[in-house]
Structures are given as C-alpha cells and as structure tokens.
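Protein chains in written order, with full-length UniProt numbering: chain A, 1 to 373; chain B, 1 to 373; chain C, 1 to 373; chain D, 1 to 373.
There could be a bad hint or two in this list.
Copies of the same chain look alike in the list, so a pair counts if it works inside one copy or between any two.
[What the hints assert, rightly or not] Think about it this way: if two alpha-carbon atoms lie no more than 27 angstroms apart in a straight line, the pair counts; the simulated DSS-like pairs of lysine-lysine are:
{"no.": "1", "residue 1": "K226", "residue 2": "K124"}
{"no.": "2", "residue 1": "K132", "residue 2": "K334"}
{"no.": "3", "residue 1": "K124", "residue 2": "K144"}
{"no.": "4", "residue 1": "K334", "residue 2": "K357"}
Calculated directly from the structure, the hints in this document are not laboratory data.
Protein chains: 4
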Amino acid sequence: MESKKKRSILERLNAGEVIIGDGGYVMQLERRGYVKAGHWTPEAAVEHPEAVRQLHREFLRAGANVLQTFTFYCSEDKLEISGNVTNITGAQINEAACNLAREVADEGDALVAGCVCMTPCYQKSHSETEVKAIFKKQMDDFLKKDIDFFIVEFVDHVEEAVWAVEVLKASRKAVGATLCISPHGDMQGVPPGECAVQLVKAGADIVGVNCHLDPLTCVRTVKLMKEGLEKAGLKAHLMIQPLGFHTPECNFGGYLSLPEFPFALETRAMTRWDMHKYAREAYDVGIRYIGGCCGFEPYHIRALAEELAAERGFLPPASEKHGLWGAALEMHTKPWVRARAHREYWENLLPASGRPKCPSMATPANDYEKQQQ
Amino acid sequence: MESKKKRSILERLNAGEVIIGDGGYVMQLERRGYVKAGHWTPEAAVEHPEAVRQLHREFLRAGANVLQTFTFYCSEDKLEISGNVTNITGAQINEAACNLAREVADEGDALVAGCVCMTPCYQKSHSETEVKAIFKKQMDDFLKKDIDFFIVEFVDHVEEAVWAVEVLKASRKAVGATLCISPHGDMQGVPPGECAVQLVKAGADIVGVNCHLDPLTCVRTVKLMKEGLEKAGLKAHLMIQPLGFHTPECNFGGYLSLPEFPFALETRAMTRWDMHKYAREAYDVGIRYIGGCCGFEPYHIRALAEELAAERGFLPPASEKHGLWGAALEMHTKPWVRARAHREYWENLLPASGRPKCPSMATPANDYEKQQQ
Amino acid sequence: MESKKKRSILERLNAGEVIIGDGGYVMQLERRGYVKAGHWTPEAAVEHPEAVRQLHREFLRAGANVLQTFTFYCSEDKLEISGNVTNITGAQINEAACNLAREVADEGDALVAGCVCMTPCYQKSHSETEVKAIFKKQMDDFLKKDIDFFIVEFVDHVEEAVWAVEVLKASRKAVGATLCISPHGDMQGVPPGECAVQLVKAGADIVGVNCHLDPLTCVRTVKLMKEGLEKAGLKAHLMIQPLGFHTPECNFGGYLSLPEFPFALETRAMTRWDMHKYAREAYDVGIRYIGGCCGFEPYHIRALAEELAAERGFLPPASEKHGLWGAALEMHTKPWVRARAHREYWENLLPASGRPKCPSMATPANDYEKQQQ
Amino acid sequence: MESKKKRSILERLNAGEVIIGDGGYVMQLERRGYVKAGHWTPEAAVEHPEAVRQLHREFLRAGANVLQTFTFYCSEDKLEISGNVTNITGAQINEAACNLAREVADEGDALVAGCVCMTPCYQKSHSETEVKAIFKKQMDDFLKKDIDFFIVEFVDHVEEAVWAVEVLKASRKAVGATLCISPHGDMQGVPPGECAVQLVKAGADIVGVNCHLDPLTCVRTVKLMKEGLEKAGLKAHLMIQPLGFHTPECNFGGYLSLPEFPFALETRAMTRWDMHKYAREAYDVGIRYIGGCCGFEPYHIRALAEELAAERGFLPPASEKHGLWGAALEMHTKPWVRARAHREYWENLLPASGRPKCPSMATPANDYEKQQQ
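Could you put together the complete structure from these sequences and hints?
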C-alpha cells in the first residue's frame, strides 16, 4: 500500500471521523528494557529497531490511525545533556524512527506524525532564535523522510509550543499541538483557553493536551481550550493523549510530583474499562483525536477503539482476540468467572489493590514544597 | 552459537548457580493483542510469530536463563474445547513455539524448556491412560524439535502432574514440575510437602510452584515442599514462578477467585522493588530457579536478576537501560525527583493507588460460595 | 459564683481572648441513649436531665467557655413534626435546658448561650412573619431564664438566619450566627462573604459556620466570610463549630449526603491530634471563638484548649488527666508504646482503619443524583 | 428494689438466658476527661462519682444485665506504680466503686460484679503467695460491700488468672474469668482450650476472653475454649467482652501493638451494625454472656441487646430512642437519607474513612520487633 494515497489527517477530521491515537512509547519501552528512565531518550530506534517496530505494530493492531515517530526528547541539546547515547546522532535517531513508523503505518491505513517536544534550551536560554533553530533542525530530519504531519507535544510553556508550531508550519504540513498542562493552565499560568487561542493563531490545526494528568482531568482541560477558541471565534480540531494512570491528587506539577513517579506507578494504572469511560467523555466533549500517552498500553488503545466502534463503523484488528466487555469469559470453567462475562460487572467493579498497608492518595511533591515554605 | 554446547539446566543447578526464569506470556500477549482472555490459547506462535519472538527477546534481555515454549493450554483436548483456533493444529503450534524459543534462546546463553500444563481431560475423564496419551502426544511434538528440558506447570492436582512427569521422563531429558497450589495444598488437600515427595518419586528433577498466588505466598509453599522432601530424605532442586500481583486475600482458589480477574488486575501489579524483596526471600529459602508467571513483565525479571547480581556475578543486558535502585534519576530536572535516586526511597515507599473509592482488599469468590452455603 | 459577675462574651472577644466552644450534644447523646436519630429532638433535657448535665460538665471540664442550651430543633413546629415527644412542650424543654446549662456553667467561668436553629416553617411557608413568630416564641422561653447571649446555628439559608438575628437582637443581648454552609455558599448560592455581610448588617455580633463539614473546610468558609466583611468595611467576631468527622468528598450537601450518615460515621471520626491542627489553623485565620459540633466529644474540646494553652495562658481542668502530646505513655510497660510518648509520633501518624474491604472515599448522595440526570 | 431478691448470675445462665454485659469504662472515661491514659487507674470513682455513675446508667439503659465495678488496675501495687493517685487508697476506690455500681444496678434488674485484673506483682515477682495476697486484699474490700459475683478479667497469663480464681472462690460467690488472649493462646503459649480447662478446674463458673482483639477474633478464641472444655469433659458458661475496634492485623500482642494505640483508634471503631453481626456469631457459638470492653460505648451495648431481642423477649430501655435498623430515618427530610431506613442498607454498607492518605492496615509493633531480629 502506498502511503501517498492515504487520506490526510485533516481530511479525516474535517469529515468528522474519530481518529484513534497511539499509546505511550517511552514508559512501555522502559518496561520492555530499551529506554532508560531518567534519560528517557529514544536511541532504541537505532539500537533495537525490532522492539520499536513491534510496539508500533501493537498500537496499529489495537486501532491506532496515527503512529507517532519514536523521537521523544530527540533534540540535539537534550541528547547531549542526557549523555546516554554514544556514537548515535539525533539525526540518525530521527531518521530511523521515521522509517520504523512509516514501515508499520503502511501495514495498515495509519498516518505517520513526526513529533517534537520541549527542549532544555528553552528553559536555559529562553531564546526564540536558539529554540527555533533546534526545532528547525529536527524538522529537517523529518522532512528527509516520508511523514504525514507534525505533532508538537509534551510542552508545558505555551510560548515554546507556539515557537515550535511557527517553525513546523513552514513545512506546509498539518500541525497538531498538545501541551502537558492542567486545567489551571501552563507553567506561567496562561489558562487553557488562552493557550489554545495562541496555538491556533500560530498555525496549529489541531490543539489539545497530552501526558501529565489522568484522562478525565485532561478532558476538562481540553474542554476549557474548546471554550477559549469559541469565545475567540477560532476553529481547530481537538486532540487528547492523557496518562493511563489515576492522578487525582495532582495539580500543576502533574505526575512528576507523585511519590510513585516513575517506578511505582503500577497501582495507579487504569483498566480497559476506565478507558471506555474516558473515550466516551472525550467524544462527548467534541474531541475527535483520542489517544494516550505514558501508561497507555496496546490494550488501552483497543478499548478506545471498541468504545467508539459504533461511531467509527468498525472494530480494530486486535479485537479478534478480545470478547467485548469480557464476553469470552463465558467459556471459563469456573462459574464465578463466567458470571463476569458482561458489561455491568466490569463497569461497576471497584478493583482492590491487594495492598492494605498503602494509602489511596499520596501527597504530591509540590504540596511538600508548599509545606516547607 | 550452537545450543548443543550450552551447559544443561541440571549442570547449572548442580553447580549452585541461580537460574532466572522468564515471565508470563499469556497475560502479557493478551495486553499486546495476541491472546484471547477466556481461551488463553497460544495460536499466536503460528499467527503472529514476531510478537512471541519479541517477548522472548525481552525476557532474554532481562536476564532469563530459560525460555519456556509458548505452548500454554496447547493440548489437543484444550484447543478443541476453546474453539478459538481454526485451521491450526496443536502440533503446528507446538512446533512453531519450539522454533521461536530456540531461535531467541540462541541469541544468548539461554535454554529452552518445553512446557505442558493441566488438561481438561483430567477433570473430565480422570483416566490415567487418556491423560498420559495427551501428554505423550505433546511431548512427541517437542521431541521433533530442539528443546533442552521439560517443565510441567500450572497443574492443581498433584496426581495429574505425577502422570505428566512419568510420561516426560521417558524422554531422558530433565523435568521440572510446578504446581499452581497454595500453602494449604493441592485441590484434593494433598499438602505441599507430600506433593513434592510424589513429584520427585515420579522422577522430577526440579519441583516448585507457579502462578495463582503472589510471590511471598509461593515462597512459603515452596518452603513447605522443601521441608517435605527433607523429611522424606529426598533431594531435588527448587523452582518458583509466582504471579506478579498482590493476592493477600486468596486461599485455595488463587487469583481466579478475585473479583478483578482477569480484566482489572492492574492495581495489584507489583513494582520492580517488590521483586527485589521476592528474589531475596526465594534465594534465602534455598530456591535456585527463580522466575515469574502471569503479571511478570520483562522489567520484573530484570529486577530479579539485579537483586541477585552479586550472587550470579553479572547483570543482565537490559540493565544497560536501568540505573540500579533508581540511580539514573539523579539527572532529572526536578529536585524532588532527583531525591528519589536511591534504594532507601524505593524500598520504603508505600505506593498510593489514586483510587480513593476502591477498597484495598476484595472478597474472593470462594468466600462468596462459603457465605451462600 | 454568681453568673452576673462574669465577663460577657463580647467583653472577652473584644479583649482578644480565645473562646473555646463546646462540642456536639445531639449525636453524642444519641450514642449515650437519650436522643433519637431521625428526630434529633432535645426532650432529654426534661426526661433525663442527669445525662444532659453530665455532658455539659464534661465540656466545661474540657475547657469550654460557653455552654449552649440543649435546645436543638426545639421550635414548636419541629417538635410537632417529629412527633417524638409526648406530653412535653417546647417551652418545658427550653426552660429545662436553660436551667441545666446555667447550673453547670456556674460550676466554672462559662457563659450560657441560648440556641435556635432552622425551622421547618421556613422551608414550608417561606413566610417571614410566621418564621419570626416561631423564633420570637423560643426567645421568650429563653428570656424567662438566665442566659448570657444567643446563638443562631445550623441554618443553611442565610435569609432565615437574618430573620432569626433580627428577632433576637430585640433582646439587647449579643447574638452569634453560624450557618451550616460550604465554601460554595448557602443553599441558594449566596457566597460566604455575602452571607457574613447580611448577618452583620442584621445585627449579628459574631458570625461563622457550624456543622455539615469538616474543620479545615469550615476554616476556609469562615475565611471567605472574613474577607467578605473586610471588603464591605464591616467588623464582627468570627466563630467556628465544625463537624468532628473527615468529609473530604462533600460539597453543598455536607455530611447528610455521605452514605455513612448517621449510623456509620465512626471511621471518619477525627483524633485529638487532628484537633490540634484545626485549632491552630482556625486561630491563624483570626477566628477567636473555636468549638465543635456533631462528632466533637469532650476530649476533642480539650485538645483545642491544649493547642491554644499558650495563647490563653492556662490548661483546662480535664488536662489533669491527660499527658500533653501523649506524654503519660512514658510509664507504659511496653517499650514500643513508650516510644509513642511524644508529639512527633502523633503528628505524623497516618492511622489505619483496620477495614481493608472499605474504601477511603465515598460518593456523596448529591453525586448520585447528578449521575441519574 | 432490693438486690437480694434478684436472680443470681448462675441462675440466669443455668436457665439458658442471654446475659448482656456492659461496655468499656476506662477508655470511655478517658475521652470524657476522668481517666489518664498511660495510668488507666480508676480514681474517678472517688474523685468524680457523678461521671462513673452516669456511664453505669447508660450501660444499664442500653441493656446491660451486669455492671462491673470500676476497679480496673485497682490493686495496691498497680496504684503505687502508676503514681497517679494521691491521698486516695485502693480500698477507698474499691469501696466507692462498689457503691456506685450497686446504686445504679438497683435502678434496674442488673447484678454487680466485683472485678480484679492482672497485677504488676505477677510480672515482677512471679510469687504465688504475693500475688494471691494482693487479690485477697482486693476481694476483702469488695466483700465489705454488696456485690453479686466476681470477674477476673484482663489477665494474659492463665497462671495468674488461676491464682485469682482460687482466691475469689473462697468467697463462695460465683466467679467468671476472662483472659485477654488471642486464638494462639496466652503469653506463655498455653492454647485457649487448655486455658479454659485450667480455669474451670480452679473453680471458675464462667470462662472466656476480654479486650485486646476484635469481636470476631475473640469469638474464635472462646470457641476454642469451648472445644477444650468439651474434650476434657468439663462444663462452664462462656463469656466474651472484646474490643470495639477492628484489629485484623494483630496477633499475640493485641491492640497494644497497633501504631494507633491508644490515641488514634477512632478510625477502627466499630459501628452498631458490626455489633449485630458480632452478637449473632457469639450467640451461635453458644456464648451466653455477651458484652464488650474498650471501645464499647452505650450504643454498642444496645445493639447487642437489639440483635438478641427475640431470644431475650424484650428490648432495652434505650431502644425507645432508637429505630431498629435505622427505621426512624423514614421521617428525614432528604429522600436519600430516608432511603437508608432499613436493614439491608446498613448491613451492606462499606463505610469510607474520609482519610485517603491513610492505609487500611498497619504493621503491628511485634512485627517490627520480628523484623529487627
């Protein structure tokens, strides 16, 4: 199949279709042994392409319409700081990642999004010229390859995201932009509605949020973005790729502030049934690009596609190995497990942690800071 | 590398080495989209070999010295009942699975174990002749391929496991046998010590437990097996491959009895730090074949290998992407995350669930049954 | 001691003194067997004066500077509806309650506050004339007796509280007014700051909140009242008598909305150490009349008096039977109990519930309502 | 009413009647301001007789058939060590306590039990002569007054309890004996069944357990006692007075080992509905003297009497202020509170703690000790 013939992201969104995004690469590949927590850099695209390819395939099979290039933190300044990669350049990683995403996307009807994210340079220099040069370099790597559109993601200052959008728009490709912010706004207190307005004015075709907070919180933030755009008389598509973890305690700082980050988040992991609820709420708010970030495994993406199967008209390939709402448990040998083969059971279950000595809520680090003041 | 030259499982155990087992295939491949919960059959070995191969590689990279063939529930009678597989025979799956395990095992110094488990026939017919014929057929599939030894696993009646051992010993290969039982004994109330004695008398070289219960509970069960063998004046190596979930409420029935089985177990998932504790306790009890079952992902296996690195003299390949005890967090941008870059932090953390409306313990289904009596 | 010579409530507050209020009568006497939950009427003042007298004494001994008459829900219209009292009139109860409070108050330096609360008539008729007539009748009962000032409490519509204040001010006695509202405002959405302004304009000398929500939430509400008064250029003393239960989930509806109300609130009960924190926060916000409502037992009031002992210059009588911050545990026979004889231990303890099958947060009834919409 | 005419404890038990015991004095009077935690001595009987009298009355009103003298830790050696009491002798306290219990018991049909408990002397000297002399002295105090029978309670070495029974039997009054032990046995490992045998052989008419552990655990212990007696061919009445707190984590050490003891036990407090379940289980096991210890407030005792009302043929006086199973909520103004006016609601409620940062289970101190070994 040739990718050239695929309908573009904006054609699909303009037609009112629901786009299912992919899930989180970095955390999942950390667990699979290919990414180093703390560094979080994507050299595996060069070192272990089979591992990245396989995860792409699983997301595709789960229903993803877009595969994001595995290029997180792949700006030269970040790679240099992290010091994790030897003898591999950012350009090599970016190009290898494009190849992998393209290869797998073309095994189905998916598109490839070239992804950039926040740079250390912004924090350090706050220089528009320098930061834009970094984004330009990464864009040029992508443009050597066959990608369909861009996503600016995981940026917590809207100003930096605006700079990235301005650079990427020069490519004439569509640009999506997702901030890792809370309903309270970005790191400088710019409210979500105003963030959305700035991004759209800079040229973003799709805006929303990703990472840092749990799905229902992120839906609230995107809703605030939508309202901001409406007030400003602007239009854009909405996008969401939240955490796959419950983070009810978090405020500005997001899950970085949780004591469990990054090595004890298991107990916060969402179930597939949590994902059904999330997909429905995101859809009802008007979001049409719905995916996930850290914590989203392939089966979480499949749950999004299954919840929205009626709206989309089809199930994803991986549903051949999944009874809807637990239906395949009907053949289980134990009667009490068979009794779980229906939607009502799973929708109402309040899962126990098996950890009676653990609390249900933590005190985020920013609260600690506050207490110390 | 030729596998023929590898040292055998018994040579290694007899030399006092620690063998790290692999983790759970069925549940992990269900989440990746290749296994159907309820059926739990391993046709992916034929349908999607790349997915099985990749998971083998991740366990190898995490430190596993043994790769088990992905042949769970792959007896003809089970495949027929589950009705999930069309146009694929048990023999095809068994052979494909042997090829995959062999291929990846030979990328390192790992051995291949051909695995059989409980049969529906035992429950239905209770006929020694019929059950043994099924095991014989599966063994013959394996013997066409290049496997190093056998494992009988996931059997909850010691009688059936004894029959399997008796069949497999005819191959003259080493045989390990792990029951999915609790400290209370097997499904007919045979205590763990007596189970171990029967298995060793039948010819098992390695005995222990797998699945159904959490690591510390399984360590207790294997300890009872050890004591039983000592009292009987018998000798065997000890093996353990428990769940990667916290199951403090479970008794005989194991995690099948938990309301969360199988689609809401996330919140019970163990952290890598829980695995350090488990590896140490298992080692201290004298167990030398230490791995995992359902819920064990590659990073859990890596944690076992890291905990026992001093005893073994080396770290696994995947540790190149892991700072021991969180050390790589030292380079994080947030000071409060940097403060987590040490062992004491992670050993003492009581992770919160982020689910304040959920309980910490559930009522297992067998308790419900009891209440209804 | 003659009560006539006691310094009045306003003399004390004007002098900057901290007034410790008493705790909750209705719930505590329910547990002691003298009040019927559902009715919550105070006929025990007539039927079992020894029980009311004893609870008054315990609060006095714990440090209370004010004893409220046990006249909750003692308006004629409420007594009639509840139908709990036979052959006892409201006037009889009001008078008996005044006698009891006076008798015990004069065993120390405490004042007596005559208390009125919300009437069914307000809900039903919304008639200013009728409601005021009810308050007038109850005031007349009180004025036959020797009370020091009035408190309007447990009113959730500021309008009704204003009417009560207007009636009671005719007595020329000081009037305090506490609403049972949340930081979101009263039942008609009047914000706390505006409520305070209306009450002070009506003549209230002391304003604040009582009941319905936990201490730290109530402190927030009173702070909003304070800010409202400051903006309006008004002055009044601030007062607080919150629940002695943790209610983090509650919004407008307060603890009535919790599934545990009223017969399973035990697990939410605050410790004495929680009370230290509350007393300090209330004091720091500028509140100088600090007491409690439902859930406050004598030892909770003592904790308030102990936390503010330095500011007040003395400890309450009941502190003769209490080692500060657990000091008396030093003589315990078990070394691990002796290790608890200090402030740091109790301030940092996160008490376990011993109920692993229970959640830590409930879904309040008003959320249920919302879900059904 | 003259107490002489009352039917004795053994007449009642021999007739198959259910005896409702009273609740806990020491902890409840600590909360009311009259007992010092750490000392736990009963000088309030002399210092504040009105407080003790009132609590007796509340238990009587709640349904208690026996009032225990408030003489806990009132042996001379204990009073001396605690150093809490000045100018008041043990004899004075013992006599005052007898008077108070007698006075209130005669307001109803209750009996008075003179109570002795473990002595420091036993721990220190282990001298039968010295310990018996202490019990003899306390018995002589009681015999100057009008008591109906004796209870030996709160002893954790059966040997000391046997000595106490031997002394008290000389009075020719009936003697009950309750140990504060777990199902594992007394502090020297004597199993419950053997403890019961020793006590009955020493002359105890009624045997059982009190304090230290939660009701259902104590029921198990008494059941073991019963089985021990049956095996030995002995007969005695069974008695139980457990904690009113949930203590699922405790082993030998009981609630003293919990981090929450004694000042943060609130969240473990049982509801009245927990008490219904306890009363039923105790009754079903064959226990006919059913009461409570620390944590039992009057409404808990009432719940026992209400659960067993059919068996006993009557409700206690305090039930006039209690709708059975919440029935009086039917008149509540809020529809969702009215919906709670029935048994099914309260029996199935899993009460939330409102404390999301707290765990549901603690690590008892004896576990800590073990960890340190």
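Evaluation of the provided hints:
{"no.": "1", "hint": "K226 / K124", "in the structure": "neither (31 angstroms within a copy, 43 angstroms between copies)"}
{"no.": "2", "hint": "K132 / K334", "in the structure": "between (61 angstroms within a copy, 24 angstroms between copies)"}
{"no.": "3", "hint": "K124 / K144", "in the structure": "neither (29 angstroms within a copy, 63 angstroms between copies)"}
{"no.": "4", "hint": "K334 / K357", "in the structure": "between (30 angstroms within a copy, 23 angstroms between copies)"}
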